[in-house]
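**Student:** Heads up: the sequence lines are chains A and B, in that order.
Under this note's numbering, the residue at position 446 of the first sequence is numbered 440, and the numbers go up by one with no gaps.
Just so we're on the same page, this note's numbering is the position in the second sequence counted from 1, plus 1.
Facing chain A, according to a computed beta carbon distance under 7 Å, are these residues of chain B, among others:
{"id": "1", "residue": "Lys50"}
{"id": "2", "residue": "Ile158"}
{"id": "3", "residue": "Leu161"}
{"id": "4", "residue": "Lys162"}
{"id": "5", "residue": "Gln272"}
{"id": "6", "residue": "Ala274"}
{"id": "7", "residue": "Ala306"}
{"id": "8", "residue": "Ser313"}
{"id": "9", "residue": "Gln319"}
{"id": "10", "residue": "Ala322"}
{"id": "11", "residue": "Tyr349"}
{"id": "12", "residue": "Ala384"}
Here are the simulated lysine to any residue pairs, SDA-like style, with alpha carbons at most 25 Å apart:
{"id": "13", "chain 1": "A", "residue 1": "Lys37", "chain 2": "B", "residue 2": "Tyr425"}
{"id": "14", "chain 1": "A", "residue 1": "Lys128", "chain 2": "B", "residue 2": "Asp114"}
{"id": "15", "chain 1": "A", "residue 1": "Lys424", "chain 2": "B", "residue 2": "His344"}
Source of the hints: derived by calculation from the structure; they are not laboratory data.
We put the CB at the ideal spot given by N, CA and C, even for glycine.
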Amino acid sequence: MPVAASAIYFLNLRGDVLINRLYRDDVGGNMVDAFRMHIMQTKELGTCPVRQIGGCSFFYMRISNVYIVIVVSSNANVACAFKFVVEAVALFKSYFGGAFDEDAIRNNFVLIYELLDEIMDFGYPQNLSPEILKLYITQEGVRSPFSSKPSDKPVPNATLQVTGAVGWRREGLVYKKNEVFLDIVESVNLLMSSKGSVLRCDVTGKILMKCFLSGMPDLKLGLNDKIGLEKESELKSRPAKSGKTIELDDVTFHQCVNLTRFNSEKTVSFVPPDGEFELMKYRITEGVNLPFRVLPTIKELGRTRMEVNVKVKSVFGAKMFALGVVIKIPVPKQTAKTSFQVTSGRAKYQASIDCLVWKIRKFPGQTEPTLSAEVELISTMAEKKSWTRPPIQMEFQVPMFTASGLRVRFLKVWEKSGYNTVEWVRYITKAGSYEIRQLVVSGSKLVMAEGAIRLFSTGSRCHEIRRGEGHLPGPTQPAFDM
Amino acid sequence: MAPPAQSQRSQSPSQPSGKSEVSDLKLQLRQLAGSRAPGVDDSKRELFKKVISYMTIGIDVSSLFGEMVMCSATSDIVLKKMCYLYVGNYAKVNPDLALLTINFLQRDCHDQDPMIRGLALRSLCSLRVANLVEYLVGPLGSGLKDSNSYVRMVAVIGVLKLYHISASTCVDADFPSTLKHLMLNDSDTQVVANCLSALQEIWSAEASTSEEASREREALISKLVIYYLLNRIKEFSEWAQCLVLELVTKYVPSESSEIFDIMNLLEDRLQHANGAVVLATVKVFLQLTLSMTDVHQQVYERIKAPLLTLVSSGSPEQSYAVLSHLHLLVMRAPYVFSSDYKHFYCQYNEPSYVKRLKLEMLTAVANESNTYEIVTELCEYAANVDIPIARESIRAVGKIALQQYDVNAIVDRLLQFLEMEKDYVTAEALVLVKDLLRKYPQWSHDCIAVVGNISSKNVQEPKAKAALIWMLGEYSQDMQDAPYILESLVENWDEEHSAEVRLHLLTAVMKCFFKRPPETQSALGAALAAGVADFHQDVHDRALFYYRILRYNVSVAERVVNPPKQAVSVFADTQSSEIKDRIFDEFNSLSVLYQKPSYMFTDKEHRGPLEFADEIGNLSIGEATDNVVSSQRVEENDKDLLLTTAEKEETRAGHSQQASFGIDDLLGLGMPAVPNVPSPPQLKLNTKAALDPSTFQQKWRQLPIALSQELLLSPQAVAALTAPQALLRHMQSHSIHCIASGGQSPNFKFFFFAQKYEESSNYLVECIINTSSGKAQVKIKAEDQSTSQAFSTLFESALSKFGTP
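Could you put the whole structure together from the sequences, leaning on the hints where they help?
**Tutor:** See below:
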């Protein structure tokens, strides 16, 4: 059975119960106490999101300052349970209009109870679609209490939709202006070795849509992905257009997308839900354009001084720019004093996270600002052991840039009334986990970086492999000198 | 309206006070109950909210039941819902007052608004009061026939709720067959899905007692039903799809073309945005192709990309759930994933439960072509801040070394770990070098040179210290200082707290003595003296044994303590392949996350034998479980939960008893496994037989009764049988194990099982003993019918010995 949750609890960080909904009798009432005692108050918290206590299993998730706990007594489907929690939270958010946290729950707890009743019955997930639920769970959030009397609503009409086949869209929608917003949001994950070779690099992207369309429109989306283009040229029997095509490793779609048609014709066609939704998700590992190169040199000058030089190079078009760039360079805990010189942005030492934080609000393409810092350390006995050289981390957003190179070629809308639509497309690339491992150099010769670096010097074989694999995608190949 | 402020909640919510607030509320509710003033609904809402918020934080507001019901006569749907919630929560403890609510709920069940009908029906079924079930049947019956699908959907789950309150009422009203009809004919997919959930639960529970139900359960996975559901799969909600897909995994297609049809139909489900649907589809694919090796292989290739996507998207918890499944697949077929090893690289900020799985996967996928990269990456983690992960990664390097032929580069790295001068790194590396040397003795020269430089003072962890000492003993001829290091360790004998280290020290000194006698003699003397005086039994015994064998003959001693060793080729796997297959069968469930099959963690195991007996008893008598029993069970469960560790140890001791008997037998210390009676001696029982309760239950249902007899018990036996446990222990010493027992004097009931030696043929026994009449009713079922008579004699003789000293 997919979930068969026996109970669901919402707790705050101290373990106070915010919401408590028992679905089945097969667990006792003191499950919260068990959770508090065996998980929250021990070091176990955070070590594993699935735990067994007594005969029951607890699945828990922390979302902002709330723990959501599902208790089951059978051999349940975990993936389903976690997905349910995530979807339920999305649903609550759409009701509260934004944040999901302790305060929001306290202010809307009656509504949450009402929703919990609808979305799960006797432990089995029911309907979680916000579109449909909003038709008949009419109690508004605290923003305007009691504004809508339920009796005013066309309830009998709504229930027709509650369980119907096209669960994601109701009929009879009318908009004065028919608009579609398409956002392509990519996050780049990078793991670069201290030698400058890419260990791991991929892009996870999603296409978010906001539809304000009348009636029951049919949409068709064309991308510059390789398979789709090849299929198209095959169907139209004309050679594929030259230009960049990309290869998607894997794609998943919102339930509205006709998957049969995607598999046969490789086109994304769908009847969209009203409002905002996530149309598709994809993953790419080949041919990723990294928007930034980070070239750090960190020198240890004696036992109490370090010299940090970081050059960040933007390798996207000169007309574009990145926003909110933050580079975090970890330094040892016993850092006492720092001084900076930056060619752009502002830098400071943040003791709470043991990092030099360099922020550049607006970062144009094809530039390479640098930071040079001197770090003075307090000399302690244990210094050697305590610093494990965490990687340099980077945050950024680059509008109108996709690391994968994905582009929307067309978005067609058909509706039987034949209205005109306005389509808006935006691209943005964000940093996922963008990590560059540090190389620490003392003077001019290599320091044994706690075992890891010396390994390279053990055999000549490693250098060969390194070179073979250390390619960086993209047109410019920077020289990584040590 | 927020729940009450901090001051009240600062007390433990399970021991709430707030008495005055509750009585205050009571007063206010009473005032509002009769009022028809405008705006009264709004003030009622405020009050109801207060009540619900008290209820949430655990303050007992059940005393307001009457007032709440009085206030519930309203047309305000929000008020109604709050009231239903309240009633559902407290009806169980207030069965008499719950009767009050029946009236208005039943009236609402006939409301013209389908929403109200559905809500009322749901609340009615959630009252969970056994003596009110008669009021449920009517509304449920009409709910199932309702023209509105929302009401039908609620009614279907209502039937399931009714079944859990009173199974007999539910079956008598013929609801299961109505559900079956709905499942195959209803136009609404959510109704169909709910029917499926309900029927699966009901028929699984009924199947043990009724032939018909078990036939019906089989019918759910018949071609007709499966095809019907599969053809509509796209209309189902994502959750219902999971349900259907899980059902499909149990379906056995008659021919291979069917398998391909199903897989073609479901292939697009792998692109679904909901990870649970993808996993369920993966399970279908894997299960369907189990018997077709080639296709099974292709399936692995096909599901790889979707699974990797799922891992990299979503919250850490979700990706952990998927990663656990990927982990299982990687362990089954590492070669399929060997080129994807970079996906298993750890990110700095990932939670440790994700890192741990990834480390294991990196270890598994290592092969000739990628070992170098993987080991390099693992070495990075050795300097991780998270020390447990750093340790794991060093262990991973060691494991790779043990599974690879080309260990050249890896050995170098392990030795560099030894020089990193971090205590935990050195400790882990020492243990690994020791294992490595056991497998590849040819590396001893390189390793010993490095190990020799390690000061034993820097090694504190017992495991590491033991490893170091082992190497000192084993390679004392190559290590210049070995006798002197050992000597200094012997000098500090009293400061060594770990018995494991002291044991190793004894052996190492012995080995060293045989290789370099003059240098070691004094250390050996000191070690033996200290060992014999040791308070630890094992250390004492070993020292004494060494002492005596040395006195007897030194060359014999050398042959015993230091024989020429063979390199270990394969280290024992920790989990049997049978268990692994079992986990694989339970793909997409908790089993995969816990890495053990479900019978090892589901509640039956935890309830202990006594509880289980009740259950079997109930099932075989064919009585419906009423909710008194189930509430008992809940209590039992809770007790289990609240047991202190000490108590748990005690219960566990019961389990381990079986094992210790096995050891006794092995050493010829315990009672003879087969009693010396004139029974056919060829039947020998397995002393370590194991059977899980669900298999027992299943087999008990399937097998016919081979023998049924009445035995007379000796007066001593009757006297000894004060509690069931006494007999359990006795029978266990005869290799007959108890799976469930129960009852009180004078009536006891037992379920035993035994397994034929070196065969997996089981014997199942039901034994009902009445101590006042001194009689035992025995029913024996056997998988191997031909030996049932022999077993019966064995059982009889074992029983007859009970009570004799």
